[in-house]
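Undergrad: Keeping the supplied structure of chain X fixed, place chain U upon it in accordance with the hints.
Which chain is which? The protein sequence lines are X and U, in order. Numbering follows my numbering, in which position 33 of the first sequence is assigned residue number 715; successive positions increment by one, without gaps. Numbering follows my numbering, in which position 515 of the second sequence is assigned residue number 1197; successive positions increment by one, without gaps.
Worth flagging that the hints you see were computed from the coordinates, not collected in a lab. Incorrect hints may appear among the rest.
The list cannot tell twin chains apart, which means a pair is met if one copy fits it or any two copies do.
Unchecked claim - Taking lysine to any residue and the SDA-like style, the derived pairs with C-alpha atoms no more than 25 angstroms apart in a straight line are: (1) Lys1239 <-> Asp731; (2) Lys1141 <-> Tyr1126; (3) Lys1034 <-> Gly1145; (4) Lys1142 <-> Glu1127; (5) Lys775 <-> Lys1239; (6) Lys1192 <-> Leu1112; (7) Lys1239 <-> Asp899.
For clarity, every value in this text was computed on a predicted model and none was experimentally measured.
2 protein chains.
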Amino acid sequence: MLEKLTFKSDIEIAQSAKMLRIEEIVGQLGIEEDDWEPYGRYKGKLSLDLFQKLQNVEDGKVVLVTAISPTPAGEGKSTVTVGLGQALNRVGKKTIIALREPSLGPSMGIKGGAAGGGYSQVMPMEDINLHFTGDLHAITTANNALAALIDNHIHQGNELNIDPRRIVWKRALDMNDRALRKIVIGLGGPVQGVPREDGFDITVASEVMAIFCLANDLEDLKIRLSKMVVAFDYDNQPITAGHLNAQGALTLLLKDAIRPNIVQTLENTPALVHGGPFANIAHGCNSVIATKLASKLGEMVVTEAGFGADLGAEKFLDIKARYAGIKPSAVVIVATVRALKMHGGLAKEYLKNPDLEALQKGMPNLEKHLETLKEFGVPVVVAINKFVTDTDEEVAFIKEWCDSRGIAAEEADVWAKGGQGGEALAKRVLETIETEENKYKPLYELNVSLQEKIETICKKVYGAGEVQFSPKAVKQMKQFTDFGWDQLPICMAKTQYSFSDDPKKLGRPKNFTITIRELKPSIGAGFIVALTGDVMTMPGLPKVPAANNMDVSEDGKAVGLF
Amino acid sequence: MLEKLTFKSDIEIAQSAKMLRIEEIVGQLGIEEDDWEPYGRYKGKLSLDLFQKLQNVEDGKVVLVTAISPTPAGEGKSTVTVGLGQALNRVGKKTIIALREPSLGPSMGIKGGAAGGGYSQVMPMEDINLHFTGDLHAITTANNALAALIDNHIHQGNELNIDPRRIVWKRALDMNDRALRKIVIGLGGPVQGVPREDGFDITVASEVMAIFCLANDLEDLKIRLSKMVVAFDYDNQPITAGHLNAQGALTLLLKDAIRPNIVQTLENTPALVHGGPFANIAHGCNSVIATKLASKLGEMVVTEAGFGADLGAEKFLDIKARYAGIKPSAVVIVATVRALKMHGGLAKEYLKNPDLEALQKGMPNLEKHLETLKEFGVPVVVAINKFVTDTDEEVAFIKEWCDSRGIAAEEADVWAKGGQGGEALAKRVLETIETEENKYKPLYELNVSLQEKIETICKKVYGAGEVQFSPKAVKQMKQFTDFGWDQLPICMAKTQYSFSDDPKKLGRPKNFTITIRELKPSIGAGFIVALTGDVMTMPGLPKVPAANNMDVSEDGKAVGLF
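Excised from the complex, chain X in its bound form:
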C-alpha cells in the first residue's frame, strides 16, 4: 500500500492528512493557554515568557541536519529533517523540529513549496508557503520603515551629515522583482525628497531577517537593530539605525513576529517554523529563539541549515551556535546516490541509470564535508536519502564506504514512508550521541584578524590552496578593523555548488585559489560578510512564472502552488 501512496503529489498527501488542532499540539507540550496564541486552527505563536517559566528545565539535544554540496539532483535536506524528527518521536524521544520559514516571493516564480516532501512535510503547507503568520511582512515593514527614516532624515536637513552616495541600507520586498534591483529614487523636485541611487533586496536578504534569527530575546533584538550600519557620513564614519533612533519602532514592528510559530508535521510532530535568512550573505538558519525554545520543550531538537555543510553547517557552528550558546549534539549530513553521481561527473539526464563508477568518483565531496565536520569536533551521521531510482548496490556502496572509515551511515526512506522510514537513522543518531565524544568548538577564535578568520574558513572548510583579497577587500579589512568590527565572526558568501568559488567545479576541487572580492558589514547581525563573487539578493521571475497557473478553487483551496 505504501508503494502506491508514494505516487501521490506533495499537495495531495498534505491535503489528505489529518491535522490535529493546534491547541492539541501545544497542549501535548505542556504549554498553558496564556503562553501561546492561535493563528487560525493549525498555526500558533509561542510566548517568549516561556523561557522564564522553563529556565530550570534541562536543554534538549540539538541535532543539525546539513548536506553535501547541493546539485540540481536534489538532496532533500528539509525532508530528512522532518522525517528524522518524526522518527525520533516514534522511537520514544520527545522531539521538536525547528525549520526556517520560506519566502513568498520565489513561489511566484517557480512552482514548489519549502516545507519538506512526501510523507515528511510540515503543515499547513499552503499557509506556510504564502503569508503564514506574517513574520516576513513584519520584517519587510521594519526594513522599509528604516529606509523611509533615512531618506526623510536627509530630506529634513540631514543633521547627521549622511552622504547620500554612501547609503548601504536597501529597501526590501518579499517578491521576485528584478526591475527593482537598481533604481533611482527621490526624483520629482525638492518636495519629493533627495535623488539618489538605491535598490531593493528580497526580504530574506535584509539584515533585519539575520538579526531576527540571531537575537536571544526582545532586548537583544533591539540592541542589534540599533547597531545596523545604514550609511556612512561625509567623513566616512558609519551611521547606524541607532543614530536615527529607529530601533524602538523597528522592535515594535517585530514584537509579534519574533514569537516562534508552531505547526505540526504529517505525523503530528510539533515543528517550530521561524525565520529564514539567506544562506550566502547571511547565515541561513532558523531563529535562535525557536531553536532554544524547542530545546526547552523537547528532549531532542532537529534543525537544519541552508546549502551544504561548507556554508550552512559552518555558519551554524561558527556563528549561530556560538552566539546562542548552543552545543550541538550531532550533525546529520544528507547525501543521495543521485547527487553524489553528479559530483562524480554524471550529467543530470543519466542520473536514473545505475553507475557505481560515477558514484565512487563523487564520494570525495562527502569525504571533504566529513573532514570539515570533524574539525568542529561534533559527532556525525551520514543519512542516505533514498530516491526511487537508487539501486541496492549503490546504497550499499555508500554504506560500506562509510563503515570502512568508521563513519555512522544509515539509509533514510522518509519521503515515501515518513517517520517509519527514518527509524534506523534515528536510532543511529541516538547511538552516536551516546557513544561518540562531543568536542564541539568553533573553527576559529573571534580575537584573530578578519583576514586570518577568512583564510581559516577557506583553507580548512573549502580546501583552498590560496586566498586572494581584492584591493577593495584589503582596504575594507583595514577600515573595519579601525571601526572595531574585527572581533566579529565571518559570514562567507560563496556559491553553494562547489567548495571553490567556481560553481562548475563539483566533487572535491583541490589547490584552487579563492578570491575575496568585497566585505559587507552586518554589525547588527554580528558578522562580516565576505563575498567571493556576485550574490543575487533580488531574484527575477522566469519567462512563464508559476503565478500564471495559480488560482483558488471553488472550495477556497490553493491551486498551482506546488
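TA: Just chain U now, kept in the frame of chain X:
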C-alpha cells in the same frame, strides 16, 4: 467619577478595559466553530461560507455615519460610529459595527490611532494600528506581484506590446516614504530589466484595496482583479491584469485577507474592521463583504465613510451601496461645535471660547450636506459630538437650528461616556428610521455620459456654479467612452476641506467653478476617478516622525503608538 475618567488617554482607557475572548464575541453571534478562525485571543476572521448559511436571514438595517466637511478641529466620526453601535446595543438592538482598518504607514509619521477614541474605541487598538491580521500586507503583496509580472513580461519579450511609457500600474508599500513617489527602475543593464519611470503609492491607494472593498465574493474579486488596467500598448489600447493572467495568483494572495476581521469595542460590541481604501482616489468605505455579513449577523449595522458627506457619503450612496445592493436605512451626520465655528471663520486657537456668532456663520456647511443627503432620499439624523469646551448655549443653538427645519438632532457624549452617552442618539436614529419614509436612490443613473455624471455631483453635491474640464480630461472622456467605460460611476478626488476644489474655502462656498484636471480608470474597482487637483498617494514623514518615540515596554506592550 466619569469626569475624572475622561482625562485618561485613549491608550490608558484601552489597556485598562476588560476584553472578552474573541470566541465569546463570535459565540454570542451564533457563529459555529467551523465558520471562523482565531488570530490571537482577541481577533478573528469570519468564513465567507456564512453567507450561504445565513442566506435566508433577513438583512439588518444599515446606518451610515458621515460628517460635515472636516476641519483640523476634529469631528470624531469613528468615535461616534463606535459609540452609536454600543448605544444601540444598550437600547436593545443587536448591533454590529463595520469600520475601515487603518493603514500602518501613517502611524510611523504622526502619533495617533484610528480606532475611535475615549470610551468608544475598538480593541485591541495596538494590533489594529499595526499589522492587525495582515490584510494590508496581503494587498501590498498582490499589488507588487502584479507589478513584477508586468516588468517581467516586458523583460521576457513583451508579447503584449506594452508601451513602457504608458504603464499606469504603480508599486505599493504601507509606508510613508516620499522618496519612492517618483523613481526610475530597471537600471543596470540588460539582465536587470527594462528602465522606465515608476513610483510607489501607499497600499491603501492601490486599486487592489478598492476592489477588495467592493467585491461581493471570491469569484467577484477575481473578475474585478482581472479587469484592472495596468498599461496601454503601443496602439494605445488598454492592457489588463487579465491579459497577464495574474488574477488567479492575486486572488490566491488575498484569499485569507478577504475574510472579514472581527474584534470588539470597549463595551464588547462586535466590530467587523475590514478594508480601508483612500477616500479621494477611491471610495473610502470598509469592505462590502464585511458590511453585508454584519447585516446578516445583526439587527443593525453602523458603518462609516471617509471625509465629509460630500465625498464619503456620496460615494457610499452612489458607488458602494449601488454595487452591493445595500439600502441604507439612515445617515447620521456628525457635527461639532468646534468644527462649525471653524467653518464660521473662527481660527483654531479661539475654538475653546464660546462664540455663537461664529457658530451661526458655520451652519451653512451642515445645511448644504443636509440638502445633499435629502437628494438621496435617505432619513438623516444630526449627531452633535460633544467636546469638553462646548457650552450648553452652543449645543442648544445647533439643536434649535435643526428642530426649526424638521431635522432630527441629538447630542452624543460617547467619547466620555461610551454607549451610555449615545443612547439618546440611538433612540432618535431608531425613531427616525421608523417614522421617515426611505426613498433612497443613487444621485445619477449609470447610463448617462461621464460628463453628465461629473456635473451632477459637482452641482448637486458641492454646489458648484460651473464645471470646467481640462483638455486632457475632455480627451480622456472620449477615449474612455470608446473603451466602453462610460457606464461606470464616478469617484471624485477633491479636497475634503471644502465643497469647492480650494481647501481654504470653508463654510458653504457658492457660485464657484470646479476644474476636472484628469481622469483615472479604476475598471476593476468599477469606477472612473475624476481628479480636481493633485492628490498625494504616497505621504511623507514629518521632521520628527512618531517612529522616533516608539518602543516596546519590558512587558511587551506598545509604547509611543498613541
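Undergrad: Check Lys1034 against Gly1145 for me: Cα-Cα at most 25 angstroms, and say if that holds within a copy, between copies, both or neither.
TA: neither (30 angstroms within a copy, 78 angstroms between copies)
Undergrad: Taking 25 angstroms as the upper bound on the Cα-Cα distance, should Lys775 and Lys1239 be classified as within, between, both, or neither?
TA: Result: close neither inside a copy nor across copies, 35 angstroms intra and 37 angstroms inter.
Undergrad: Please work out whether the CA atoms of Lys1141 and Tyr1126 approach to 25 angstroms or closer within one copy, between two copies, in both situations, or in neither?
TA: within (12 angstroms within a copy, 78 angstroms between copies)
Undergrad: When no copy is specified for Lys1239 and Asp731, does a C-alpha distance of 25 angstroms or less occur within a copy, between copies, both, or neither?
TA: between (35 angstroms within a copy, 13 angstroms between copies)
Undergrad: Could you place Lys1192 and Leu1112 in one of the four classes (within, between, both, neither) given a Cα distance threshold of 25 angstroms?
TA: neither (34 angstroms within a copy, 86 angstroms between copies)
Undergrad: Cα distance capped at 25 angstroms. Does Lys1142 pair with Glu1127 within a copy, between copies, both, or neither?
TA: Answer is within; shortest intra-copy Cα gap is 14 angstroms, inter-copy 78 angstroms.
Undergrad: As a check of your reading, is Lys1239 near Asp899 (CA-CA no more than 25 angstroms) within one copy, between copies, both or neither?
TA: Result: close only across copies, 15 angstroms inter versus 36 angstroms intra.
Hints 3, 5, 6 from the list above are not met by this structure, while the remaining hints are.
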